[in-house]
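One letter stands for each residue in the lines below.
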Amino acid sequence: MNSYQAAFGIGLSVAVLLILLYSLWPRRKKTSSVSPITTPDLASIAEKKSMEVFNDTFREELRNRGRLHFEKVINENALFLQQDLRLTTNELNTFMKDEIQKVLKDEFSKYEASITSARDIALESIKKTQEVIDQQRAQLEKQMNDQAAEEKQRLIDRFETNMADILNHYILDAIGGEIDLTDQLEYIFQNLEENKKAILEDVKNGS
Amino acid sequence: MDLKMPMTIATKQDVLRIQREVRDYEVAVVQNNVRKTTSESPLAVSTGLRDLVQLNQINLNEKNVPKKLIAQLDEALRKVILFHMSFATEPTDEVTQKLVAWFRKEINPTILLNIGVQPTISVGAVLRTQSKQYDFSLRKHLQNSQQDLVKVLRGE
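Protein chains in written order, with this note's numbering: chain D, 1 to 207; chain S, 1 to 156.
Be aware that a few hints might be false.
Said to hold, decoys possible - Simulated pairs of lysine-lysine, PhoX-like, Cα-Cα distance not exceeding 25 Å:
#1 LYS67(S) to LYS204(D)
#2 LYS4(S) to LYS151(S)
#3 LYS4(S) to LYS196(D)
#4 LYS132(S) to LYS196(D)
#5 LYS204(D) to LYS4(S)
#6 LYS12(S) to LYS98(S)
#7 LYS63(S) to LYS196(D)
#8 LYS68(S) to LYS4(S)
#9 LYS79(S) to LYS196(D)
#10 LYS132(S) to LYS79(S)
#11 LYS79(S) to LYS197(D)
#12 LYS196(D) to LYS140(S)
#13 LYS140(S) to LYS197(D)
#14 LYS204(D) to LYS12(S)
#15 LYS196(D) to LYS151(S)
#16 LYS197(D) to LYS105(S)
#17 LYS151(S) to LYS63(S)
#18 LYS197(D) to LYS132(S)
#19 LYS110(D) to LYS97(D)
#20 LYS197(D) to LYS98(S)
#21 LYS79(S) to LYS204(D)
#22 LYS68(S) to LYS98(S)
#23 LYS151(S) to LYS204(D)
#24 LYS105(S) to LYS132(S)
#25 LYS12(S) to LYS196(D)
#26 LYS204(D) to LYS98(S)
#27 LYS152(D) to LYS151(S)
#28 LYS63(S) to LYS4(S)
Simulated from the structure, these hints should not be mistaken for laboratory data.
Here the structure is a predicted model, which means the values were calculated and not measured.
Okay, chain S solo, but in the shape it has when bound (with noise of 0.2 Å):
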């Protein structure tokens, strides 16, 4: 079964980040049950971890879980597209999100943002495909406006 990543997994480092939770997390969860310490409260995880066990049913105390995660995060990364934004500043995690819980509503499920900072957009975004470049920036746009800003300023 293939997983369903929340909206706060948008990007890839959010993946690979997962992972590396999952990896600490079954490390910590070995080193309690070496030391037969339990604990009520359960481990510290991120918000993207906590969404993505939430939403996927996944109780991670289980033996073998997290192996099982680490492999489906492996499996989703080789299966995911992956588009590449880039912005003129980092985008927040709000405004991520709303881009991939769009991207994921309208184009495709699973797709993942690799996400970018360039300047010169100034404003606007730039998208990169497997195979195309939209150009969202404002330079773009006034470009493809030329011949209308051109006949405003005649009086045209």
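Next comes chain D alone, as it looks inside the complex (with noise of 0.2 Å):
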């Protein structure tokens, strides 16, 4: 039983109710403009029977039946309403679960793809930022070695250019003051001996 029968239930038994009470509910006396000398008095007469037979104590125990039976409609609509009710709760709330569950999931889903996506496009960052950093290194890489070469070709050149300064200053460093003229008399007459033509000729212009 649903909602909808249960309230027309609760209306039906009202209207039933209701039609009881009127019946049963006590009119006055209609004053008839008619002149009770022509009439016999047949009404005043079923209503003093009736008044005999719906007596205050057969009143008063329609009345508790009325309300017995009007509380017995009460409580077991209550009783329907109260089961309807519980079942339309398990029911909202089985919907509502599924709602619920059904929207996280979706949600979820949303979200899961959102950080799929989020973390694809980390990955793809990253592994952009790796390639560039790669690229950079290697290009670092390639100007400190060149930089290196040149260096070191420069330092080359350098040395060569002035070779014989610097082993002129290590000769002399290795050996200090301890060479004496004396002992660089060889060399110098042998230089003066691969020079004896020039030095001659150089003379005889001179002279």
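Using the hints, put the two standalone chains together into the complex.
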């Protein structure tokens, strides 16, 4: 039984009860404009008889019965309403649960998709960054190697250019003041012999 | 007659010193004559002057000989060929005399040396003649051998 049926039952019971009360409710005697002389007082007789049948006790009895029936109906309908309400609540809970699960599932799916997308974007970004870093590292490495080679070559060239001075300096440091001019005479005479012709020519031209 | 220069007179400074010494000697002889003092032992002279008079057989005690010798030395200074040699340090007399001996034997007997000191030479010497300069230093030698040194360093 759903809520509409319960409401319909309650409404029908209330209508029956109202009709019963209306019919049993004591009414005032109508003051007839017709002259009581012309018609027999049947109505008053019927009323009198009915008053005899439906006396106060009987009415009270009917009221009690009506009240009891009304209470019974009310209780039954309340029970039905309670059951229906419980069922409705259960259904509502189930519905809410399903809806919430569905919504949560959808949201989780979206969230998961979003997370996956963000992760992919982050991975892509990291990958690109890594590639850029690798490129820059390779470029830097090449640049440093080139510079090192250039510096090395520059040092070698400089060393070769100034080799005479460098060797002279190191030889002097090595021998210090130990070498005597007497020891150098052989070297000097060797040079003089090698340049003897030029010196003779120079003297000849000079004189 | 030109003077013969002994090996002990190797530089222009030696000649100038000998000239001063001859003048001093002449003055000493005059003083001795004025004072009438006769000395058995000859006046002390330097090795250069002694070698010079011995080589040229000159008697300085004779009259006008010192003046003549001074004039001859002046003449010699005008005629000599003067070479300038620089070394890292001041050469000893022995070294100077050996060099002068070689120059006088191989190049010209009238050569005198003017000795200079140039610490940058370090090893060897630099000879400057009348119009040329000859660098006999180790630095120059290494510079001339640079290509060979580079080849050795490169293992070629």
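Quick rundown of the hints versus the structure:
{"no.": "1", "hint": "LYS67(S) to LYS204(D)", "in the structure": "32 Å, violated"}
{"no.": "2", "hint": "LYS4(S) to LYS151(S)", "in the structure": "51 Å, violated"}
{"no.": "3", "hint": "LYS4(S) to LYS196(D)", "in the structure": "23 Å, holds"}
{"no.": "4", "hint": "LYS132(S) to LYS196(D)", "in the structure": "13 Å, holds"}
{"no.": "5", "hint": "LYS204(D) to LYS4(S)", "in the structure": "20 Å, holds"}
{"no.": "6", "hint": "LYS12(S) to LYS98(S)", "in the structure": "16 Å, holds"}
{"no.": "7", "hint": "LYS63(S) to LYS196(D)", "in the structure": "43 Å, violated"}
{"no.": "8", "hint": "LYS68(S) to LYS4(S)", "in the structure": "14 Å, holds"}
{"no.": "9", "hint": "LYS79(S) to LYS196(D)", "in the structure": "21 Å, holds"}
{"no.": "10", "hint": "LYS132(S) to LYS79(S)", "in the structure": "19 Å, holds"}
{"no.": "11", "hint": "LYS79(S) to LYS197(D)", "in the structure": "22 Å, holds"}
{"no.": "12", "hint": "LYS196(D) to LYS140(S)", "in the structure": "18 Å, holds"}
{"no.": "13", "hint": "LYS140(S) to LYS197(D)", "in the structure": "19 Å, holds"}
{"no.": "14", "hint": "LYS204(D) to LYS12(S)", "in the structure": "21 Å, holds"}
{"no.": "15", "hint": "LYS196(D) to LYS151(S)", "in the structure": "30 Å, violated"}
{"no.": "16", "hint": "LYS197(D) to LYS105(S)", "in the structure": "14 Å, holds"}
{"no.": "17", "hint": "LYS151(S) to LYS63(S)", "in the structure": "70 Å, violated"}
{"no.": "18", "hint": "LYS197(D) to LYS132(S)", "in the structure": "13 Å, holds"}
{"no.": "19", "hint": "LYS110(D) to LYS97(D)", "in the structure": "19 Å, holds"}
{"no.": "20", "hint": "LYS197(D) to LYS98(S)", "in the structure": "19 Å, holds"}
{"no.": "21", "hint": "LYS79(S) to LYS204(D)", "in the structure": "14 Å, holds"}
{"no.": "22", "hint": "LYS68(S) to LYS98(S)", "in the structure": "29 Å, violated"}
{"no.": "23", "hint": "LYS151(S) to LYS204(D)", "in the structure": "39 Å, violated"}
{"no.": "24", "hint": "LYS105(S) to LYS132(S)", "in the structure": "20 Å, holds"}
{"no.": "25", "hint": "LYS12(S) to LYS196(D)", "in the structure": "22 Å, holds"}
{"no.": "26", "hint": "LYS204(D) to LYS98(S)", "in the structure": "22 Å, holds"}
{"no.": "27", "hint": "LYS152(D) to LYS151(S)", "in the structure": "18 Å, holds"}
{"no.": "28", "hint": "LYS63(S) to LYS4(S)", "in the structure": "21 Å, holds"}
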